[in-house]
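*Asks:* Order-wise, the sequence lines are chains E and W.
All letters in the first sequence, in the order written, are residues 17 to 509 by my numbering.
All letters in the second sequence, in the order written, are residues 17 to 509 by my numbering.
Treat the hints as calculated values from the structure; they're not laboratory data.
Be aware that a few hints might be false.
One copy or two, either will do: identical chains are not told apart, so a pair holds if it fits within one copy or between any two.
To be verified - In silico BS3-like cross-links for lysine-lysine, where the CA-CA straight-line distance does not exceed 25 Å:
{"no.": "1", "residue 1": "K203", "residue 2": "K68"}
{"no.": "2", "residue 1": "K203", "residue 2": "K102"}
{"no.": "3", "residue 1": "K103", "residue 2": "K451"}
{"no.": "4", "residue 1": "K306", "residue 2": "K106"}
{"no.": "5", "residue 1": "K137", "residue 2": "K434"}
{"no.": "6", "residue 1": "K68", "residue 2": "K54"}
{"no.": "7", "residue 1": "K203", "residue 2": "K444"}
{"no.": "8", "residue 1": "K203", "residue 2": "K289"}
{"no.": "9", "residue 1": "K68", "residue 2": "K103"}
{"no.": "10", "residue 1": "K98", "residue 2": "K203"}
For reference, the chains in residue letters:
2 protein chains.
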Amino acid sequence: MDDKIGHDVGSSVYRQGDFVDLCKGPHVPSTSHLRWFKLSSTSQAYWRADSKRESLTRIYGMCYPDKAGLQERMRQLEEAAKRDHKKIGKEMELYMTDEMIGKGLPVWLPNGETLKGEIEKFAVETEEAYGYLRVTTPVLGKKELFETSGHLPHYAEGMYPPMEMDDGEYYMKAMNCPFHHLVYGNKRRSYRELPMRIAEYGTVYRNELSGTLAGLLRVRMLTMNDAHIYCTLEQVASEVADNIRMVQDYYSAFGFDDYYFRLSLWDPDNVDKYIDQPENWETTQDHLRKILDDLGVKYVEAVGEAAFYGPKIDIQFRTLLGREESMSTIQLDFAAKERFELTYTDETGHENGEVFVIHRAPLSTHERFVAFLTEHWAGNFPTWLSPVQVQIITISEKHKVHAATVANTLYESGVRVKVDDSDNTVGKKIRTHRKMRPAYMVIIGDEETENGTVSIRSRGGEQLNGVPMEEFVAGIYAEITTRDRNLSLIPSE
Amino acid sequence: MDDKIGHDVGSSVYRQGDFVDLCKGPHVPSTSHLRWFKLSSTSQAYWRADSKRESLTRIYGMCYPDKAGLQERMRQLEEAAKRDHKKIGKEMELYMTDEMIGKGLPVWLPNGETLKGEIEKFAVETEEAYGYLRVTTPVLGKKELFETSGHLPHYAEGMYPPMEMDDGEYYMKAMNCPFHHLVYGNKRRSYRELPMRIAEYGTVYRNELSGTLAGLLRVRMLTMNDAHIYCTLEQVASEVADNIRMVQDYYSAFGFDDYYFRLSLWDPDNVDKYIDQPENWETTQDHLRKILDDLGVKYVEAVGEAAFYGPKIDIQFRTLLGREESMSTIQLDFAAKERFELTYTDETGHENGEVFVIHRAPLSTHERFVAFLTEHWAGNFPTWLSPVQVQIITISEKHKVHAATVANTLYESGVRVKVDDSDNTVGKKIRTHRKMRPAYMVIIGDEETENGTVSIRSRGGEQLNGVPMEEFVAGIYAEITTRDRNLSLIPSE
Chain E
17 MDDKIGHDVG SSVYRQGDFV DLCKGPHVPS TSHLRWFKLS STSQAYWRAD SKRESLTRIY
77 GMCYPDKAGL QERMRQLEEA AKRDHKKIGK EMELYMTDEM IGKGLPVWLP NGETLKGEIE
137 KFAVETEEAY GYLRVTTPVL GKKELFETSG HLPHYAEGMY PPMEMDDGEY YMKAMNCPFH
197 HLVYGNKRRS YRELPMRIAE YGTVYRNELS GTLAGLLRVR MLTMNDAHIY CTLEQVASEV
257 ADNIRMVQDY YSAFGFDDYY FRLSLWDPDN VDKYIDQPEN WETTQDHLRK ILDDLGVKYV
317 EAVGEAAFYG PKIDIQFRTL LGREESMSTI QLDFAAKERF ELTYTDETGH ENGEVFVIHR
377 APLSTHERFV AFLTEHWAGN FPTWLSPVQV QIITISEKHK VHAATVANTL YESGVRVKVD
437 DSDNTVGKKI RTHRKMRPAY MVIIGDEETE NGTVSIRSRG GEQLNGVPME EFVAGIYAEI
497 TTRDRNLSLI PSE
Chain W
17 MDDKIGHDVG SSVYRQGDFV DLCKGPHVPS TSHLRWFKLS STSQAYWRAD SKRESLTRIY
77 GMCYPDKAGL QERMRQLEEA AKRDHKKIGK EMELYMTDEM IGKGLPVWLP NGETLKGEIE
137 KFAVETEEAY GYLRVTTPVL GKKELFETSG HLPHYAEGMY PPMEMDDGEY YMKAMNCPFH
197 HLVYGNKRRS YRELPMRIAE YGTVYRNELS GTLAGLLRVR MLTMNDAHIY CTLEQVASEV
257 ADNIRMVQDY YSAFGFDDYY FRLSLWDPDN VDKYIDQPEN WETTQDHLRK ILDDLGVKYV
317 EAVGEAAFYG PKIDIQFRTL LGREESMSTI QLDFAAKERF ELTYTDETGH ENGEVFVIHR
377 APLSTHERFV AFLTEHWAGN FPTWLSPVQV QIITISEKHK VHAATVANTL YESGVRVKVD
437 DSDNTVGKKI RTHRKMRPAY MVIIGDEETE NGTVSIRSRG GEQLNGVPME EFVAGIYAEI
497 TTRDRNLSLI PSE
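Chain E with its partners taken away, still in its complex shape:
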């Protein structure tokens, strides 16, 4: 107790019937007020989170003032369980984990690989259009690099332990930034090269406690939609504005509607916490505020929430279940230029050290993004993202040939298609394949075979019969290549 309560601090005791609780309080006057409660789970914890101390059992529960409130919450939780990315990830074979590989190191199975491949393709195309350059950097580097970046010793406990090689100590990278800074610094840069945007879907490693790891949200390996922009102060505003537009386009394509921006500023009353470049703080913060105003987006300001190296804009995403998550980030960095001696030759031929760095990750990491996307769509991804886009089902043996023709035509158009021409009943086939959540099921029977048509069935069970094959192929091709959910062949209500 001595180490928990300071000197000259009171403590309180509450009584509930014959139970006496040493507790900060408050307690309700009587448990009769707690009629609408439910115990939900238990877990093990260590006394003061120290694994050398006693193990305790925590009991979780919840309580609502009325029945309706409790029921609504129960419904939400049930919905959450249905949408759980771990459950859906297993059903759809998106990823696997294995004790022999270790905790927090998911393996992307073919369906997950397709999903993350589509996300990455979208990012690469978008970044290409915005003039980003791509690189691939190693997953590890020498101690000296992380000393220069400041990760060591400040962040050492968050990193994997070092590997001693014949030429020094190597660490798995926890961030891609130091590597991108070296790419920038690899040769003398001219003002003509700025803004220089260096992009990589880079995998980073974090030494989390094994007991905390699960699914795609608690992992030790994160594949980040990373990029660093090297630019002048004058260029900061338009680069940030481009990135906000990028976020808006992405979120719209992925169907995320409920989000807002959070502008994190320094605290001018507490300047010791921040890098000592007051003019840069004030100028760029004004820029960022103006961008958000001009774009007319919803945002809040958070004084004192900036990183020590610069202000940032986080994009706060609200999940269907009401959780709020920072999904994307755009951060200014006034510190990198000195740590990595980043310079450029300016218009007058002089070496200029005022290189501003912007860290940005609009699509977060593959792991987090796929987890949220899975929960958001309950696995019923927009067609362009679906691992299986069309599942063809034959009614009987004699429909195999037409089914193969349809499948082949779709495949040639770049559609991901599978055929089930087994002897099972149509009902059984539909039930089997529902788990994989194909964007469409296509049923092929007598009528379709005779007329060269298809019957298509949405995930919700609506069916369109007698669609000419060419029309279906053209329609789904347009839906996929535009990534436009409004082109869905069977609009959901």
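We have chain E; now place chain W onto it with these hints.
*Replies:* Frame of chain E; chain W shown alone:
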């Protein structure tokens, strides 16, 4: 000396003038026979390759029976120096290394990223057409995994040292196989799923001595065109045949003509060295030989050169400079099924443990392949691979608009294009950009601007004037998308 010469083994001494050499010999009778010699370099070595022992200086030289022979060799070496991937890699900004990242860990710069991206895209498309499934597996795993695979302890000194985490020891992977085996074993497999082909451009890590590392050929990180095929004995032959065809198609596209196949067999007189499945050895070796005969390809047999776990076919590539390299490999593996308990449910519903594994890497690793490709083409890659496909050069200020139109039309067709509309002279611009080895330079002057044409210039300096813009765009588009070098707009002699 005691540890160098065994008991009852003689030793020999040679005398050259007053120099007495304890040497295995032979020596020439007189140094007058060595008229056409040249000393080429020196290097440091340790006595008996032990870094704790004395350092020695090695002097390298060569000697030819006549002047012509020495001169030819000198010419070859000069050519090799010109084609050196390290020199060209720097000029073309394909990759960089940095002391802070460490030895043998190259960073792919944007131009190298483009090149390896094109290779990877070609591989992914080809593997997709052959029915491969793609996965992404972590770069590290627990000790238990590598014990199961047999890498530990047999190959421990070739691996990066372990990292001790709160849940055990982790190692960077030296091979992708164990991870793919776990993917296969992730659920019960049916005979309907075989052959199952699991592909990944996976990065593996090898603990080479730092002193041996340089460029892209001596590295500690290798990104492998890897895949594992899980199949029945009956399916082995057609899978291997498909892979040989794949190698032939790849080599033809990349312009590698001088290669042959080497079939490595077990040694039936020395069966203790090999896994004890004599029937599998004999049956599959017959299959492999028959495939090579049927395909009518050039091959040799190498008795006793198989791995302990199965026979293999290596593809031996002869570089323009006469070096012979194993570029690709197709290996059967009779051991994996037991180590990883790989099974499938056969037609009769029984669990069958006779799963044959084929390891294959037709495109080697990105690092090796790009190094060879760079040397083979001296950086003048086929158009579809060139980091810069078209470099546009304006003659003067007034040609900027037409240059921008041409550039935009090319960009819209997916061509990688750059414009130099600076004030420098045409001659200077050509000299500057030659280093980047664009497939074509396009010169825009008065005539081109008036007529809406372009003048195109090959790397060899041949020039075609007055080419209609549409014709040029259509031509280069066809050349790129077919990957067909015969469609070159200006054929090289």
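*Asks:* Tell me the numbers of any earlier hints that the structure contravenes, in ascending order.
*Replies:* Violated: hints 1, 4, 6, 8 and 9.
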